[in-house]
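Colleague: Using the hints provided, position chain B relative to the given structure of chain A.
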Amino acid sequence: MNMMLMAVGILGAIGAGGATILYFIGQKFKVYEDPRIEPVQEALPGVNCGGCGFPGCNSFAIACVEAESLEELNCPVGGADTMASVASILGKTATKAAKKIAVVRCNGTCEHRPRKNEYDGATNCAIAAQLYGGDSDCSFGCYGLGDCEAVCPFDAIHVNPVTLIPEVDEEKCTACNKCVVACPKNIIELRKQGPKSRRIFVSCMNQDKGGEARKACDVACIGCGKCEKVCPFEAITIADNLAYIDDDKCRLCRKCVPVCPTNSIWELNFPPPRKKEPKVESADVEA
Amino acid sequence: MLKTFRIGGIHPKENKLSAGKSIESIPIPSEVIVPLAQHIGAPCQPVVKRGDPVKVGTLLGKSVGFVSANIHSPVSGKVKKIDKAYDSSGYKRDCVFINVENDEWDESIDTTAALVRDCSLTSKEIIDKIFAAGIVGMGGATFPTHVKLTPPPGTKAEVLIINGVECEPYLTADHTLMMEKTEEILVGIEILMKAVNVNRAVIGIENNKRDAIDKFKQFAKSYPTIEVQSLKVQYPQGGEKQLIDAVLRRQVPSGALPISVGAVVQNVGTAFAVYEAVQKNKPLVERVVTVTGKHVANPCNVLSRIGVPLTDLIDYAGGLPETTGKVVSGGPMMGKAIARIDIPVTKGTSGVLIIPTLEARRKLMKDCIKCGKCVNICPMGLNPTTLMTLTEYEVWEKAEKEKITDCIECGSCSYTCPSDRPLLDYIRLGKGKVMGIMRARKN
Chain A
1 MNMMLMAVGI LGAIGAGGAT ILYFIGQKFK VYEDPRIEPV QEALPGVNCG
51 GCGFPGCNSF AIACVEAESL EELNCPVGGA DTMASVASIL GKTATKAAKK
101 IAVVRCNGTC EHRPRKNEYD GATNCAIAAQ LYGGDSDCSF GCYGLGDCEA
151 VCPFDAIHVN PVTLIPEVDE EKCTACNKCV VACPKNIIEL RKQGPKSRRI
201 FVSCMNQDKG GEARKACDVA CIGCGKCEKV CPFEAITIAD NLAYIDDDKC
251 RLCRKCVPVC PTNSIWELNF PPPRKKEPKV ESADVEA
Chain B
1001 MLKTFRIGGI HPKENKLSAG KSIESIPIPS EVIVPLAQHI GAPCQPVVKR
1051 GDPVKVGTLL GKSVGFVSAN IHSPVSGKVK KIDKAYDSSG YKRDCVFINV
1101 ENDEWDESID TTAALVRDCS LTSKEIIDKI FAAGIVGMGG ATFPTHVKLT
1151 PPPGTKAEVL IINGVECEPY LTADHTLMME KTEEILVGIE ILMKAVNVNR
1201 AVIGIENNKR DAIDKFKQFA KSYPTIEVQS LKVQYPQGGE KQLIDAVLRR
1251 QVPSGALPIS VGAVVQNVGT AFAVYEAVQK NKPLVERVVT VTGKHVANPC
1301 NVLSRIGVPL TDLIDYAGGL PETTGKVVSG GPMMGKAIAR IDIPVTKGTS
1351 GVLIIPTLEA RRKLMKDCIK CGKCVNICPM GLNPTTLMTL TEYEVWEKAE
1401 KEKITDCIEC GSCSYTCPSD RPLLDYIRLG KGKVMGIMRA RKN
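Chains as they are written, first to last, in my numbering: chain A, 1 to 287; chain B, 1001 to 1443.
For reference, chain A alone in the conformation it holds in the complex (with noise of 0.2 Å):
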């Protein structure tokens, strides 16, 4: 009995012994962290996808809070809720970023792009763009070799097997923009989701002279400044023979889709444009 009772001293005071000093170090050694952090962190998504541009949550959360105001910051995959919740913790206002989402931009299907070789290497896009330009004459267009959907952490883009040309989810895009840097021919570009998801963009990115881009896909681009013209809100430019669409200029009136002649603007989620109803004689509804 007296053994147990020795023990379980002995024991006992090592521990408290123990707990003392690692008390004192623990105050010794005390690092500051701001309380705020934590909780800031914990409304954020946690997925560390970098597409606020820090490395991760836990970055993006400490610059939330050591930052004055938010303006700068957004967290491109929790959205405007995400940072409306961070600004309530922290006492601060969020400026309401336009939610954006990734768009590709080819559309250089095999049908509308002949290929004229083909590329037995690395499946890789990178590797393939050291050697040469692609498999059709288009030297702007899409490998189809998917280092866009190897970089993507949310599973929201996926080149088509049949196109050959990646397609985004808009459901799971969060606009990290890892697809955007992973693209080594830059086709990928973060644009305004829009409302109801509607978006026009120039689905494509072929700076030849138009003759060569025709010749080498059916729905390039050829810089003939149609769209230019017919838009009202000087929202698309033409530079090194190709359009492109201003997003936050866009009124989305959808005048250039039209009298583009190689329909390589495109509109998404629109409803279809309305047909006229032919005029029912009223005589014939009286009757």
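Quick caveat, the hints were computed from the structure, so don't treat them as lab data. Hints should not be assumed to be uniformly reliable.
Derived CB-CB ranges, DEER-like [said to hold, decoys possible]:
| hint | chain 1 | residue 1 | chain 2 | residue 2 | range |
| --- | --- | --- | --- | --- | --- |
| 1 | B | Thr1323 | A | Gly121 | 14 to 22 Å |
| 2 | A | Glu38 | B | Cys1371 | 48 to 56 Å |
| 3 | B | Tyr1393 | A | His158 | 16 to 24 Å |
For glycine and all other residues, C-beta sits at the position ideal for the given N, C-alpha and C.
Modeller: Chain B in isolation, oriented as in the chain A frame:
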């Protein structure tokens, strides 16, 4: 015991189909396309405009910056336009299109075949002349020669090494040149020695070119400062650092230039171009190209003007065989498969290799079995499989520590891999990225 380099190396099948064939001049087509970027470094600034008459040797593009080289007209005629066209880079780049009329040479160029041996110019005058003639490394790397001949301050060259190795399978352009222009090359070497101020030169030639070794040994008797060194056949002996190791038994430290061990290396093709530039005033407007392939009707070595489309060369060699699977610009190891054959010959086009379909297809990549073959054969003593993995996962700091930038892109690792892994493809990508990061850090 024949000398060779001490680390790694492979011996692929030589397949020198066009060996022993003499140099044949190829007819000039009615239009040539001269790219303005034919060298490592900044592309040229065009100094001609549409409609300008040009002669052979007229300056077309002026070099901008130190690491750059002039480009001269390879034909006479009128400038048709300056526009973008595909070249061996696989992309459209600025080129000068010239409509050919006759074959008039610039008056200052000596077009006779007579050997001019004596050269009384000073080192600086020689280097200026080489710079003006737009000479670049003719082995394929196209590094401007005047840069190599201007050692950085504080360094001193002791020996000039002439690269007559031609370790690439199939290619015989340098071999043929050595056989036909032996004396000219030797005079070129003397001029190069004067330019870098050394009194010893060694020509390294692989033992599979016995005739060239014998011929050089015989002629070198009247050039007492030039030695001929026969070397064991081993790829990539033509690599600058490998050749220095083979000839001098000195290892160039990682990241350093050959001058750090007192060596300057030049190709035999470059030596010949230097001879023509300095003694004959002739800028670099033509080069020897090997057109070869197992199913090619007539593998040959042709003397082609710069800007002649590869289609002409292939037609000269008997046309594109039906079995063609791949056309490679350069040799099979370091050359580059090209997507179209209407691209022009440039200063760095050492060969056109036509590979039949059966051999051309790359096999499916399998998992690494950690056999270590690539580590054994890497001539730079690197670990290719690790470097590939590091590139795949984008671990650039580690890749830099593993000396990815030392890779000479010889392709021995991909050649030897039993799992057919595209090692070099990835390492080249990683090397580019790491070099970009290092440059950004410096600035």
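Colleague: Could you tell me whether the CB distance from glutamate 38/A to cysteine 1371/B stays inside 48 to 56 Å?
Modeller: About 49 Å separates the Cβ atoms of glutamate 38/A and cysteine 1371/B, which means 48 to 56 Å holds.
Colleague: Should the hint that threonine 1323/B and glycine 121/A are 14 to 22 Å apart at their CB atoms be regarded as holding?
Modeller: Given about 21 Å between the Cβ atoms, the range holds.
Colleague: Hint says 16 to 24 Å; check whether the CB-CB distance for tyrosine 1393/B and histidine 158/A agrees.
Modeller: holds, 22 Å
In this structure, every one of the numbered hints holds.
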